[in-house]
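Here is how the chains run, residue by residue.
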Amino acid sequence: MTNLVQRVGQVALEALRGLGHNATFFADLVRNVPTALRRPYLVVAQVHAIGNLSLLIIMASGLAVGFVLALQSYYALVTYGASESLGLLVNLSLVRELGPVVTALLFAGRAGTSLTAEIGLMKAGEQLAAMEMMAIDPKSRVLAPRFLGGIMAMPVLAVLFSAVGILGAYVVAVRLIGVDDGNFWSIMQNGVDVWRDVGNGIIKSIMFGVICTFVAVYQGYEAQATPEGVAHATTRTVVISSLSVLATDFVLTALMFTH
Amino acid sequence: MGKKGIETLVGFFVLLGIVGLLFLALKAANLGSFTSSGGTYSVTAKFDNIGGLKVRAPVRSAGVTVGRVASIALDPKTYQGVVRLDMQRSVQFPSDSSARILTSGLLGDQYIGLEAGAEEKVLAAGDVIKQTQSAVVLESLISQFLFNKAADAGSSSPAAPASGGKK
Amino acid sequence: MSSESLPTKAELPKADTLIDIDHVTFGYDASRTILNDVSLTFARGKVTAILGGSGCGKTTLLRLIGGVHAVTKGTVRFDGEVVDARNKDQLFRLRRRLGMLFQFGALFTDLSVFENVAFPLREHTDLDDTMIRDIVLMKLNAVGLRGAAQLRISEISGGMARRVALARAIALDPELIMYDEPFAGLDPISMAVAANLIRTLNDTLGATSLMVSHDVQECFSICDYAYLLSSQGRVVAHGRPEELNASDDPEVRQFIRGEPDGPVRFHYPARPLAEDLGVKA
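So the protein sequences, as listed, match chains A, B and C. Under our numbering, the letters of the first sequence match residues 1 to 259, in that order. Under our numbering, the letters of the second sequence match residues 1 to 167, in that order. Under our numbering, the letters of the third sequence match residues 1 to 281, in that order.
Just chain A, with the same shape it has in the complex (with noise of 0.2 Å):
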């Protein structure tokens, strides 16, 4: 019973541990932005390997979701004669909610493993160390250059996911089914306020691109130097990512959407 208790207690420490060493990390990685800014091209690299190499996926899934949101509202709305509503619903739910959402979970699939295995191979090749020993701090030469290319990422391709979204709905309602293309953007440009909807979307998408870039960073750089350490690194930045981006919608969402 008693090691149970201790075994308990262990876990609860490491826990504390593990988040106090996350809070220093963080706190270390802002002070170093200012560093990084004054070299604008390794953030600008950063944003184009985060960024530019996501925009396939993005838009092709921002095309395909609002492709099956119309058609699945379509059929709901019907049955109470507000098909017309269609084009609001579609673009609430897209720059309220699946915009910053999906688009966070994506990212975290595709750019946050891939910085975690950058930086844990670097690690294991002694990079990091040799640039420490030539006096150069790698928390702001790579870190914090790839920490700020994925906070400025993530807001644009989630602004891209909902706008290839209702783009992507307006063909699928419009063309195919039939909805009326005065109404559709009519009463969707009067139900969706852009400080209310757009703008909180927006911030959402920013809170998600501070989660996942610094948990991806953060993996990458506590990973052991070898194969099956970089490849624990790599799940745990998709299941840490994913599962705070959700925690974090549900309060943001609570927070901003609530009378």
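If you're looking for bench data, these hints aren't it; they were derived computationally from the structure. Among these hints, one or two may not hold up.
Derived SDA-like pairs: lysine to any residue, alpha-carbon spacing no greater than 25 Å straight-line [to be verified]:
1) B/Lys54 with A/Gly229
2) B/Lys27 with B/Tyr111
3) B/Lys54 with A/Gly191
Since we're looking at a predicted model, the values are computed, not measured.
Guided by the hints, dock chains B and C onto chain A, whose structure is given.
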């Protein structure tokens, strides 16, 4: 890929983001339709019952949106609902205009309908709309309907014992 | 070198010592001490080798000199100044005076050969591109790889990677160059090239070189002085190559001669074989 190439691609990425944002803001939301009219002025209206009116609900006159509900509060002295309206500066209403809370469609959102009055003086910022009509509350409607039905039944059967004092 | 008295470090006049390791004890965690009360000195302008089996703390010693970790006990002095691993400014100043060659090069895989060597120049100096280009090409020339400047890291062999890493390590003309296993995994030609480079660079740059290695023969062919560490993290012997070769200390002889069994046992501690196989002895 050279330095310049990457910078160009990132520039493209950012441009795409801006275009997407503009699309969402203008085409898919209400930004384009409203604030371009050069600002707003506020007036207030008091209602006994605001029903399901929400902040940012439209203010319409003859069906045309001319403003938005800015805030809803309770007057602690008169216990009336005080609604502040942001009216488009380009439209002026006579000071005796009336405001009613209407429903768009059968089960739709509620909005404020403004009917222009006849006065020459117009509503200025801070003025109060005096003539208001509260929202229709479904329960009152039903009880009134039943009451009327009962009254009709009572007046057409003189032997009814329950209808004391109805003659 | 007799083994009766506790081996003291080489006695040198103060001005001749670049690095002074004074009674240092260190372990990564409390349960495992890697270095036990070791004392070494490294003479300015000379090539000194640190020899020993795997896991006896040779690489750790390099890390302590570079200020990556803080010593548990004792002091590390670089050019008279105590190395404090917690003092970021001091470390920054110190590290600009040293260059380190990691075991497999530790080159930056996303940059080309040229960019790797140019890296410390870009980070620590304000020189313009033409000057940097000249310096990089000269350094690459010193290691014989000027023609490979535009290759990517994935396109060069292991031996070439070591040489590029060496060019990078000397980019800022450091006073101290540290080599972590410079000969590990190289073919005989590359090994000879590496040994030759280490000696020549040391002499032409007027630098001090520290080599950590297992390879006794190559080391002895180029070093001026050597320390031998045991697996318990202690200094077993030190001296000039001729002195160590002539030593009759059994531990020294086993290592220098490469004998499979001696003070360092062949068998990992275990029960008698008969017991393990279940056979009556």
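Each hint, compared with the structure:
| no. | hint | verdict |
| --- | --- | --- |
| 1 | B/Lys54 with A/Gly229 | violated (54 Å) |
| 2 | B/Lys27 with B/Tyr111 | holds (23 Å) |
| 3 | B/Lys54 with A/Gly191 | holds (12 Å) |
Consistency with the previously given hints fails for number 1 only.
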